[in-house]
Amino acid sequence: MTESLFKRINNIIGWGIFCIALLTYSLTVEPTASYWDSGEYIATSAKLQIGHPPGAPLYQMMGAVFSLFASSPEKIALAVNFLSVVSSAFVILFLFWSITLLLRKIYDINERKSSINIFLSAIIGSLAYTFSDSFWYNAVESEVYALAMFFLAATFWLGLRWEKDFDTERGDKWLLLISFMIGLSFGVHFMAILTIPTIGMIYFFKTYKKITIKNFLLANIVSVSILLFIFKLLLPSALGIFGQLEVFFVNSIGLPFNSGTIIAGILVVLFFYKSINYSIKKGNVNLNTLILCTLFIFVGFSSWMMIPIRSNANTVINENAPSDARTLLAYYKLEQYPKTYLFYGPMFSDIYAPQDESQPYVDGKPKYEKDYNTNKYIIVNNWEDSEVNSNSNHRGLIPRLWSSEHAANYMDFTSPLDFEILDEYRNQETIIERVNSFRIREQEGELTGEDYNDFFRTLGPYLDISKPSLFDNINFLFTYQVNYMYWRYFMWNFVGKQNDIQGDYSNIYGNWLSGVNFIDEIRLGNQSNLDDDQKNNKARNTYFFLPFILGIIGLLYSYNRDLKTFWTLLLLFLFTGLALKFYLNERPFEPRERDYALVGSFYVFSIWIGFGMSSILKLFSELKNKYLNFGLFFLCLIS
Numbered sequence: 339m340t341e342s343l344f345k346r347i348n349n350i351i352g353w354g355i356f357c358i359a360l361l362t363y364s365l366t367v368e369p370t371a372s373y374w375d376s377g378e379y380i381a382t383s384a385k386l387q388i389g390h391p392p393g394a395p396l397y398q399m400m401g402a403v404f405s406l407f408a409s410s411p412e413k414i415a416l417a418v419n420f421l422s423v424v425s426s427a428f429v430i431l432f433l434f435w436s437i438t439l440l441l442r443k444i445y446d447i448n449e450r451k452s453s454i455n456i457f458l459s460a461i462i463g464s465l466a467y468t469f470s471d472s473f474w475y476n477a478v479e480s481e482v483y484a485l486a487m488f489f490l491a492a493t494f495w496l497g498l499r500w501e502k503d504f505d506t507e508r509g510d511k512w513l514l515l516i517s518f519m520i521g522l523s524f525g526v527h528f529m530a531i532l533t534i535p536t537i538g539m540i541y542f543f544k545t546y547k548k549i550t551i552k553n554f555l556l557a558n559i560v561s562v563s564i565l566l567f568i569f570k571l572l573l574p575s576a577l578g579i580f581g582q583l584e585v586f587f588v589n590s591i592g593l594p595f596n597s598g599t600i601i602a603g604i605l606v607v608l609f610f611y612k613s614i615n616y617s618i619k620k621g622n623v624n625l626n627t628l629i630l631c632t633l634f635i636f637v638g639f640s641s642w643m644m645i646p647i648r649s650n651a652n653t654v655i656n657e658n659a660p661s662d663a664r665t666l667l668a669y670y671k672l673e674q675y676p677k678t679y680l681f682y683g684p685m686f687s688d689i690y691a692p693q694d695e696s697q698p699y700v701d702g703k704p705k706y707e708k709d710y711n712t713n714k715y716i717i718v719n720n721w722e723d724s725e726v727n728s729n730s731n732h733r734g735l736i737p738r739l740w741s742s743e744h745a746a747n748y749m750d751f752t753s754p755l756d757f758e759i760l761d762e763y764r765n766q767e768t769i770i771e772r773v774n775s776f777r778i779r780e781q782e783g784e785l786t787g788e789d790y791n792d793f794f795r796t797l798g799p800y801l802d803i804s805k806p807s808l809f810d811n812i813n814f815l816f817t818y819q820v821n822y823m824y825w826r827y828f829m830w831n832f833v834g835k836q837n838d839i840q841g842d843y844s845n846i847y848g849n850w851l852s853g854v855n856f857i858d859e860i861r862l863g864n865q866s867n868l869d870d871d872q873k874n875n876k877a878r879n880t881y882f883f884l885p886f887i888l889g890i891i892g893l894l895y896s897y898n899r900d901l902k903t904f905w906t907l908l909l910l911f912l913f914t915g916l917a918l919k920f921y922l923n924e925r926p927f928e929p930r931e932r933d934y935a936l937v938g939s940f941y942v943f944s945i946w947i948g949f950g951m952s953s954i955l956k957l958f959s960e961l962k963n964k965y966l967n968f969g970l971f972f973l974c975l976i977s
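Quick note: the sequence shown, position 517, residue 855 per the numbering used here, numbers continuous.
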């Protein structure tokens, strides 16, 4: 098959898969607002208002365009919901094209049999994701995750196209488009930037012919560092500079409000103008490309200008009122939410402890507001020593057990905290009696986490209560955050789902279900005596492990045939799945199921499903029986 014919068929089938997804999601789209944040997104999109931090200005602007197609006010919700429908259909299109690009590395498209293998495998992989539980749910409601997946899928596909055209004269145009897409994604959700390490490794494998352990590890570190630089330093620092210059020029120079922001914008434009000219004069192509990539990130990020503009319009919904550069930075950095610690920080046991002896208080964040009488920014809060510091004795490594509001559940999941009476209270009979009584109940095994929590809150000042151990934190990380809050969702999509009732760690709500009785009964008990509500729950689906097995076969096939492709996919799978779980540091129990944020990793597994189909077709093609091959394809399609 020639290159032009392959490309034509690839486009035709891709758009055909797009139409299948579009029709599926259009027929099942929410007619109005669904639960949780959807109502807020619909309202803030239709009227370009300010929602909760960190905001989604590009999503809202695109939603506003879709709302224009509503035939009446009652249809605005449906119209905005269609933004997710269309975005999700494009995700499936890019998934199909990504699978064909990846399989082209393994097969020679000049062989007709290989080309058919590629197309059939890509169809299976893309349709598996089309009908996956979590992605389908995102595709039919007004939430940012469908559009965020569009940016992730498109950015990954652009990375593969950049790799394909890397040695061509204008190959770097794909890199500039990737940078622009990453900047745009900040106006929706940060999910797309998780492709950066993968794209970095694609570049590494393309440019380095000799791979050593040293340069491989260094490439991974650099790729992750670029992600952290953009997310944690580049854009927050830019907003910070805008805020500092705004306060300086207004308070110190005496210029009108917003003058500092305008001056900062002019300085940014001048910086890029001078830098680009300098790189051209020096003939430094790499420097020129780096500057242009940074510029395109900022151009994409400029959708955030909508937030202060609309906030100054005093919209009905104006959460946090981010009307200037300083408040916009606080809005971006989620300063209204409790601070979380990933590697070292306070544990939940801090609520039972006295204040830290060496530093009982720490400074908060100064809050600036406009004073129209003095035409200056003034600090309106007492930010110095305004926050109680955590007790240094209750800080530790990998603080998974951190939320004081979930202390009881933490102790149910791990183990109760050790405690003893403080020396100065060892002679007080009342304290001793209450502790001894509690010890008796403890030995009898009748205490729950809530009982421990009540006891510690009541007698905390009289007790020396230990913090959770590192083992407890690691144990919780794997048993709850990884197993229950990731692998359970993963199995929903590729093995089966018990029901749509939120899981509470029991065996009757929200578990994964395979349909293989002896496996399900080991985990969930006898499945033959369920009541009608359990049996007939519309969310009850069983796939008998078939998609899961196909994906595992594909993972192993990818590993054996192309180790470089395997690593780039694995990196994206980990960053959009397990690494995300580590970053979110979830508590028991969350207000709702959190599978919607993990669809990026399910996307990668669907690529492996395509690889699995390819390996099976390759195996059976050696039997030279075309009817058997097509029968196998339709069997996989049905499964």
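One or more of the hints may lead you astray.
[To be verified] Listed next, the in silico DSSO-like pairs over lysine-lysine satisfying Cα-Cα at most 27 Å (straight line):
(1) Lys385 - Lys443
(2) Lys671 - Lys619
(3) Lys547 - Lys876
(4) Lys876 - Lys502
(5) Lys385 - Lys345
(6) Lys502 - Lys552
(7) Lys511 - Lys385
(8) Lys956 - Lys552
(9) Lys345 - Lys902
(10) Lys956 - Lys902
(11) Lys876 - Lys956
(12) Lys443 - Lys570
(13) Lys443 - Lys548
(14) Lys705 - Lys547
(15) Lys708 - Lys385
(16) Lys547 - Lys511
(17) Lys620 - Lys671
(18) Lys385 - Lys619
(19) Lys451 - Lys902
(20) Lys714 - Lys703
(21) Lys570 - Lys677
(22) Lys345 - Lys956
(23) Lys570 - Lys502
(24) Lys570 - Lys451
(25) Lys451 - Lys511
(26) Lys902 - Lys873
(27) Lys385 - Lys451
(28) Lys345 - Lys413
The hints are simulated quantities; they were obtained by calculation from the structure and are not laboratory data.
Practice prompt. Any hints from earlier that this structure breaks? Give me their numbers in increasing order, please.
Written response: Violated hints (numbers, rising): 1, 2, 3, 4, 5, 7, 8, 11, 12, 14, 17, 18, 23, 24, 25, 26, 27 and 28; every other hint is consistent with the structure.
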